[in-house]
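Residue numbers (the working numbering), protein chains in the order written: chain S, 1 to 252; chain U, 1 to 337; chain A, 1 to 293.
Since the hints were made in silico from the structure, they are not lab data. Heads up, a few of these hints could be off.
Partner residues aside, some chain S positions facing chain U, computed with beta carbon under 8 Å [unchecked claim]:
(1) 74
(2) 107
(3) 115
(4) 118
(5) 217
(6) 246
C-beta atoms are modelled at their ideal positions from N, C-alpha and C, and glycine is treated no differently.
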Amino acid sequence: MTADIALSVRDLTLRFGALTAVADVGFDAQRGAITAVIGPNGAGKSSLFNLISGAIAPSKGSVVLDGRDVTGHAPHRLLAAGLARSFQITNLFFDLPVHENLRLAAQFLERGRGALRPIASSRVATERVAELLDEFQLGARADALAGTLSHGEQRRLEIAVATAARPTVLLLDEPTQGMSHADTRDTGELIRSLSRDRGLTILLVEHDVDLVMSLSDHVVVMHQGHKLAEGTPAAVRADPKVQSAYFGTAHA
Amino acid sequence: MADAVVLPTPKAELSPTRAIGATRWIAIFFFAIALAFAIVAKSLGDTFYLRLATEALIFGGLALSVDLLLGCTGLLPLGQALFFGLGAYASALTLKSWGDSFWIALAVGACVSALVGIVAGLIAIRSKGVYFALISFGLAQVVSKIVFNTRELGASDGIIGVPPAAVLPGVASTDPVAFFLVTLAFVALVYAGLAYVMETPFGRQLAAIRSNQHRLAFIGFDPKRAKLAVFVLAAAIAGASGALYPMMRGFVSPELMFFQVSGNAVINVIVGGTGTLIGPLYGAALLTALRSVIGSYTEHHQIVIGVLFMVVVIVAPKGLIGYAAALIQRRRTRTAA
Amino acid sequence: MDWLHFVLAPQVINGLSIGVAVVLMALGLTIIFGLLDVINMAHGEFYAIGAYVAVALIAAGLPFWWALALTPPLMAVIGYATERGLIQRVFHSGDRHTLTLLLTFGLSIVVEDVLKLIFGANPLRIDAPIEGATEMLGLFFPNYRLFVMLFGAMVIAAVWILVFRTSLGAMVRAAAYDRHMTASLGVPVNVVYAATFAFGVALAGLAGVLLAPIYSVFPTMGTDFVLIAFSVVIIGGMGSIKGAVIAGLVLTQIQSISSLWISPVWSDPLLFGIMVVVLMWRPQGLFGRLGHG
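Take the sequences, apply the hints, and build the full model.
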């Protein structure tokens with residue numbers, strides 16, 4: 001059975017002068033699957049995400065989304081092609097209420113239709129906001145300013161904003177960063193349901209190795225900008241190269 | 001990187017949408033008082049205060065254009081007088097050569113400024129924060145100096161002998177009450193229009209840019225397009241306000257483009273209340289009155305204005321109406337809870 | 001060859017004498033930004049105050065050289081007081097960039113009008129303290145301009161040495177690079193800030209004194225000059241000392257030489273145009289930022 005590849009990355013490289021943050025990284029993300037990118041600090045995971053999500057243009061290489069080359073496209077064009085991302089450092093509209101954060105992201109669903117019509121008449125966006133508040137359990141905090149939310153709530157809102165425009169490919173940059181154990185578990189469930197129930201292709205950067213192992217279908221390991229290994233969670237865990245990179249020794 | 005010099009948006013403050021919503025009655029009050037003032041002034045046969053008030057409103061229009069950029073979008077313009085002056089010159093030239101139609105002069109003023117705004121905007125919006133402020137400052141300095149040295153535009157003397165505009169058949173712009181009401185209507189329309197715009201997807205994008213420009217691209221909107229659009233809109237509003245100036249005063253001069261005018265507009269906005277739209281109008285009214293009162297004692301009114309401004313920046317940066325808006329909003333959320 | 005000699009060379013010398021003064025101002029501005037992260041919109045006014053202080057001292061009977069010696073320390077005191085009294089008040093708010101920009105902008109309005117109040121709106125002149133010209137290479141160069149060039153160059157070199165070769169300078173650069181760490185190392189950061197601001201202001205005042213005999217002195221001279229200063233700093237890179245020096249000298253040369261062909265009205269627009277182009281191409285300016293490269 002041929003795999004349906006939603007996102008494909010080839011020879012992706014990012015150089016800043018003498019420093020190479022990402023070197024010739026390539027992998028495929030299967031549609032509907034959860035692919036995790038892991039690696040020690042400084043491995044280049046965030047830079048990789050920035051390359052894929054259009055935050056920065058690569059020095060070399062390509063990003064192909066649903067068969068279309070989107071290398072170097074700006075983030076808003078990528079969203080139109082179906083790719084969205086959340087951020088490791090919470091990147092919300094802090095002085096706007098939760099529902100407005102969601103509405104702004106949901107407005108994309110009605111782009112091209114009346115930038116000067118009153119907000120109240122954007123039914124599609126309004127309904128989507130209600131959906132998201134429900135799905136991400138933020139209903140009780142809908143009127144609160146995003147900056148007043150607890151850390152866990154903010155991280156949830158981060159993901160919600162990223163999914164608002166119904167992307168097909170979702171990049172999650174350390175979604176459980178700073179979360180309590182319980183919140184991490186819940187977020188893991190959320191991510192699993194996004195993949196399983198809504199068919200999103202998810203690319204995940206995570207430090208929580210247990211979460212990654214239990215959640216992902218496929219794992220890519222990075223080390224000092226290179227792809228070190230890739231495969232199923234079990235295969236990667238057993239790989240001596242990976243163990244040596246993480247722990248400095250190979251386990252028997 | 002230019003990001004290092006970004007003026008960060010104040011996180012604890014009211015978003016413009018809420019600030020505008022919270023001050024609706026304060027806005028209505030403003031226009032009601034203005035109308036009452038007109039009635040009283042007319043019955044007393046006054047012309048001086050009507051003219052002064054009209055001037056305050058004209059500069060209020062300029063202040064609105066500054067607040068659209070600063071309060072609503074988070075862009076600090078230090079050269080908005082450029083568009084104000086261009087509109088004034090365009091209007092003056094139109095009235096001198098193309099007949100006395102109020103509407104045509106107004107339209108020409110707005111359009112000339114908007115066109116220049118497109119060019120200036122393409123340059124300015126690529127930069128953020130202090131760079132935007134300095135580019136807009138520099139543009140105004142440069143163009144005003146060119147105008148100052150251009151003989152065809154009257155050089156340092158400007159253009160004098162501008163005939164009054166015909167607002168309606170038989171009603172000239174030199175009629176103090178009529179022109180006050182016309183200017184009031186203009187300002188009211190601009191205010192209402194901008195308040196409406198802030199309730200549209202476009203307006204909300206502006207507030208989003210002010211809040212976190214970086215994220216906007218990742219939720220699908222190109223911030224550059226929105227910034228260019230708002231820049232041109234602000235230029236048009238400033239130009240239209242400027243167009244009214246020669247109709248009342250009968251002349252224009254390069255001083256209208258000088259930094260002092262841009263600076264005063266920013267002061268009007270900050271003292272009045274950034275992001276409230278009605279605050280800048282109160283600010284313009286208050287400071288015009290203040291300038292006039294002090295001006296009767298000394299010509300060094302800018303010292304007082306400057307000191308007042310610095311005090312506001314240190315002690316009350318939200319501005320008069322800004323604090324009122326915050327109070328109203330707090331009371332609303334408390335009663336809603 | 002003749003053209004080079006009789007037309008170009010004088011322009012180059014002129015450009016250099018203005019250039020060192022512009023560099024002094026730009027240095028002050030860039031150091032203030034590099035360390036304090038403050039956009040000093042009042043920098044032009046400090047330049048003007050320097051010139052007016054010199055005018056006042058000379059009017060009181062002091063020779064120019066006394067004015068030259070006394071004005072920078074006086075400006076330093078004014079700068080220190082401004083930083084402690086005004087800028088510190090908004091320095092620790094989260095909105096520092098906007099508020100300090102607005103505050104110094106307000107200050108510039110007040111200062112300009114105060115100068116007009118005290119000295120009147122008419123331009124004032126100081127006679128050049130050194131008269132005559134020196135013959136070099138078959139040309140006559142005004143002695144005062146030569147002095148400005150040499151003196152200015154010495155001061156710039158001294159600043160360079162101070163910042164890059166002394167431990168005081170190292171401390172300032174460290175504080176620019178990482179405020180919090182430097183504070184936690186026991187450095188009295190507030191005093192460092194105020195002193196740095198004072199230093200930057202003193203440089204602007206010095207430029208004012210040096211240029212006073214060349215240009216006339218009038219209340220709005222600050223606003224005119226601040227655009228040049230900011231353009232140089234932005235092109236050179238905000239916070240970069242190397243950038244301020246190189247951009248300052250090169251840009252004044254461009255202005256000076258181009259005045260052979262274009263009317264002086266266009267010389268500021270030219271500079272501004274260059275600034276815009278540089279900003280488009282390289283938003284961080286030509287060189288890095290103090291402490292960063």
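Are there hints from earlier that the structure breaks, and if so, what are their numbers? 5, 6
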